[in-house]
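S.K.: Make the full structure from the sequences, and use the hints.
Position one of the sequence shown corresponds to residue 1 (the numbering used here), numbered consecutively onward.
The hints are simulated quantities; they were obtained by calculation from the structure and are not laboratory data.
Careful, some of the hints might be misleading.
Lysine-lysine pairs mimicking DSSO-like chemistry, simulated, CA-CA at most 27 Å apart [said to hold, decoys possible]:
1. 515 - 539
2. 597 - 59
3. 597 - 539
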Amino acid sequence: SNFLLGNAQGHRGYPIVYCSDGFCELTGFTRTEVMQKNCTCGFLHGADTCEHVAQQIEKALEGREEYRAEVHFYKKNGVAFWCLLDIVPIKNEKGEMVLFLFSFKDITDTYGKGHHSSKREEDNRCRRKSSSHFREARKHGRTMLYQLTSHFSRGGKGDVNLSGTMVDKPSVPEYKVAAVQKSRFILLHYSVSKALWDWLILLATFYVAVTVPYNVSFSPHDDSIPASRSTIVSDILVEMLFITDIILNFRTTYVSQSGQVVYTARSICIHYVTTWFFVDLVAALPFDLLYAFNITVTSLVHLLKTVRLLRLLRLLQKLDRYSQYSAMVLTLLMSVFALLAHWMACIWYMIGRKEIETNETWEIGWLHELGKRLETPYINSTVGGPTVRSSYIAALYFTLSSLTSVGFGNVCANTDAEKIFSICTMLIGALMHAVVFGNVTAIIQRMYSRRSLYHTRMNDLKDFIRVHRLPQQLKQRMLEYFQTTWSVNNGIDANELLHDFPDELRADIAMHLNKDILQLPVFKGASRGCLRSLSLHIKTSFCVPGEYLIRQGDALHANYFVCSGSLEVLKDSMVLAILGKGDLIGSDLPGTEQVIKTNADVKALTYCDLQYISVRGLKEVLELYPEYANVFTTDIHNNLTYNLREGSQDEEGQVICDGFTN
Numbered sequence: 001s002n003f004l005l006g007n008a009q010g011h012r013g014y015p016i017v018y019c020s021d022g023f024c025e026l027t028g029f030t031r032t033e034v035m036q037k038n039c040t041c042g043f044l045h046g047a048d049t050c051e052h053v054a055q056q057i058e059k060a061l062e063g064r065e066e067y068r069a070e071v072h073f074y075k076k077n078g079v080a081f082w083c084l085l086d087i088v089p090i091k092n093e094k095g096e097m098v099l100f101l102f103s104f105k106d107i108t109d110t111y112g113k114g115h116h117s118s119k120r121e122e123d124n125r126c127r128r129k130s131s132s133h134f135r136e137a138r139k140h141g142r143t144m145l146y147q148l149t150s151h152f153s154r155g156g157k158g159d160v161n162l163s164g165t166m167v168d169k170p171s172v173p174e175y176k177v178a179a180v181q182k183s184r185f186i187l188l189h190y191s192v193s194k195a196l197w198d199w200l201i202l203l204a205t206f207y208v209a210v211t212v213p214y215n216v217s218f219s220p221h222d223d224s225i226p227a228s229r230s231t232i233v234s235d236i237l238v239e240m241l242f243i244t245d246i247i248l249n250f251r252t253t254y255v256s257q258s259g260q261v262v263y264t265a266r267s268i269c270i271h272y273v274t275t276w277f278f279v280d281l282v283a284a285l286p287f288d289l290l291y292a293f294n295i296t297v298t299s300l301v302h303l304l305k306t307v308r309l310l311r312l313l314r315l316l317q318k319l320d321r322y323s324q325y326s327a328m329v330l331t332l333l334m335s336v337f338a339l340l341a342h343w344m345a346c347i348w349y350m351i352g353r354k355e356i357e358t359n360e361t362w363e364i365g366w367l368h369e370l371g372k373r374l375e376t377p378y379i380n381s382t383v384g385g386p387t388v389r390s391s392y393i394a395a396l397y398f399t400l401s402s403l404t405s406v407g408f409g410n411v412c413a414n415t416d417a418e419k420i421f422s423i424c425t426m427l428i429g430a431l432m433h434a435v436v437f438g439n440v441t442a443i444i445q446r447m448y449s450r451r452s453l454y455h456t457r458m459n460d461l462k463d464f465i466r467v468h469r470l471p472q473q474l475k476q477r478m479l480e481y482f483q484t485t486w487s488v489n490n491g492i493d494a495n496e497l498l499h500d501f502p503d504e505l506r507a508d509i510a511m512h513l514n515k516d517i518l519q520l521p522v523f524k525g526a527s528r529g530c531l532r533s534l535s536l537h538i539k540t541s542f543c544v545p546g547e548y549l550i551r552q553g554d555a556l557h558a559n560y561f562v563c564s565g566s567l568e569v570l571k572d573s574m575v576l577a578i579l580g581k582g583d584l585i586g587s588d589l590p591g592t593e594q595v596i597k598t599n600a601d602v603k604a605l606t607y608c609d610l611q612y613i614s615v616r617g618l619k620e621v622l623e624l625y626p627e628y629a630n631v632f633t634t635d636i637h638n639n640l641t642y643n644l645r646e647g648s649q650d651e652e653g654q655v656i657c658d659g660f661t662n
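M.R.: Quick look at the structure:
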């Protein structure tokens with residue numbers, strides 16, 4: 001991983017076009033300090049560096065030959081180390097020598113330990129290893145350019161998936177404030193533990209909504225023996241949960257009408273007592289403890305338990321919290337529809353029972369007809385009839401078919417009371433169609449709205465290409481760029497999204513989004529106000545493989561920071577630099593208002609994510625902060641991985657030539 005790439009086609013020495021992170025860690029130099037220096041590595045030479053070895057390195061470069069040697073190099077801090085240096089020329093597909101691969105291995109710890117053998121044995125050992133080493137080095141050199149892509153993406157954003165990327169969906173939390181002094185016994189209403197408790201209470205509420213109407217309607221009238229009720233344990237457990245919830249509500253924060261979170265225990269108690277305390281207290285009355293202690297009760301106890309359904313009102317209060325989650329709203333709506341059908345089935349069964357017990361025409365009721373079909377008819381008003389299980393299934397079947405359609409007639413209303421109930425059921429069914437299924441349609445459309453927008457824009461792009469008869473190559477570039485940008489930002493325009501936010505908030509958001517580029521050493525001397533102003537001028541750009549970011553001779557409008565991916569700097573088909581994550585390319589700012597012309601092409605090798613700041617915006621900010629402008633002008637030369645300003649290559653070329661001759 002400790003390697004350099006040098007340009008083998010240079011007319012002024014052999015400038016370094018790429019250096020790995022491992023090389024920077026080994027020597028202590030930064031990439032900007034190494035780039036465009038001569039690859040003879042004169043900056044690593046010191047007092048004990050062998051002059052003969054340095055001449056052999058230059059000779060190998062001139063002859064385009066492979067070379068291996070043990071060299072005494074010096075780090076940036078002056079510390080000496082022994083290095084095993086390998087030089088391997090790299091050819092392109094045309095057989096032309098284009099690059100030199102310099103591989104460095106620190107052998108300081110092992111150097112000298114094997115020198116006790118004779119000179120002849122050492123030469124023979126080196127001669128035997130040389131051929132196999134060079135074969136491996138050639139293979140390494142041929143594959144190095146292809147491996148650079150994975151090297152650049154390591155620690156970055158990784159590969160771009162054209163079919164889409166998983167995006168963390170932002171949620172809108174309830175009102176929160178900065179940390180304040182509060183008692184440790186106060187429970188925050190927006191905490192994770194409170195959210196989990198609310199889900200548990202929600203499930204208990206649904207349990208009550210299902211079991212209470214069923215017990216009221218289908219339990220025998222003489223059911224005063226606890227053993228006859230299999231749900232006695234779960235019912236008592238739910239009552240304990242409701243009682244515990246009342247206690248916790250006395251210690252849970254809430255949001256006042258002014259939008260402030262209230263932490264005071266006294267205010268919390270007064271607020272709860274004046275709002276939901278009475279409803280929660282009635283719903284939590286422990287009726288099931290009467291059965292647990294074998295206390296004889298009347299059938300009215302079953303009816304009193306229906307007050308627990310008031311807990312459903314608390315659900316309506318929290319629906320707005322879940323309204324942003326489409327799948328959650330869809331699940332709740334379908335649950336409400338099924339719950340309504342369950343309630344209607346219980347009422348339908350009670351009507352059938354009352355018709356048999358009190359009406360003279362009970363023999364035409366739906367329960368009696370069901371009993372005759374199941375060969376268990378009623379002998380009189382108290383003897384015979386279908387089982388409770390069969391009766392509930394038939395009642396639920398009738399209510400669901402009536403709510404979703406007009407029924408099928410196999411379970412039908414015969415008496416006046418049953419017909420009136422059927423009419424009400426069909427009216428409620430029409431209302432449920434409008435409310436529930438209308439909302440379901442809207443939710444499903446909202447779930448696929450982003451995908452629909454993607455297909456709409458893609459169709460518009462294809463229509464544009466067809467109308468203007470664009471060539472196939474240009475068409476492919478347009479489609480690939482559109483797919484790439486959509487996969488990265490999911491079709492969201494950040495500038496449009498943040499347009500209505502106040503400047504202070506937009507600056508804070510921009511500071512967070514652009515923190516990588518603002519942490520560059522060139523911005524270290526800028527004040528916080530200067531950084532906030534710079535962040536508002538930073539934009540995002542993307543490049544697909546083979547796409548040119550900058551063309552030689554064009555006006556340079558921005559300085560670019562590579563967030564992920566890799567690019568190459570080309571001039572006359574010659575590689576001048578290979579750029580990766582963390583590199584800064586662009587130009588220093590001239591003293592006059594002259595247009596900055598570029599001296600090379602910049603082409604993407606992989607999918608690239610870039611951030612850039614326009615030259616005009618940079619000048620505006622520097623005019624507002626003149627004390628930082630002088631620092632920026634001095635430091636920008638040391639932070640640019642490659643300077644694209646026309647004429648800068650002459651200055652750097654002179655430096656390279658000087659280093660080569662020395």
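S.K.: The structure should be examined with respect to each hint, and the outcome stated for every one.
M.R.: To see whether the hints hold, each was checked on the structure:
A C-alpha spacing of about 12 Å is found between residue 515 and residue 539, which places the hinted pair at or below 27 Å, so the restraint holds. Between residue 597 and residue 59 the alpha-carbon distance is near 36 Å, which puts this suggested pair outside the 27 Å criterion. Under the criterion of a C-alpha separation no larger than 27 Å, the hint pairing residue 597 with residue 539 is consistent with the structure, at around 21 Å.
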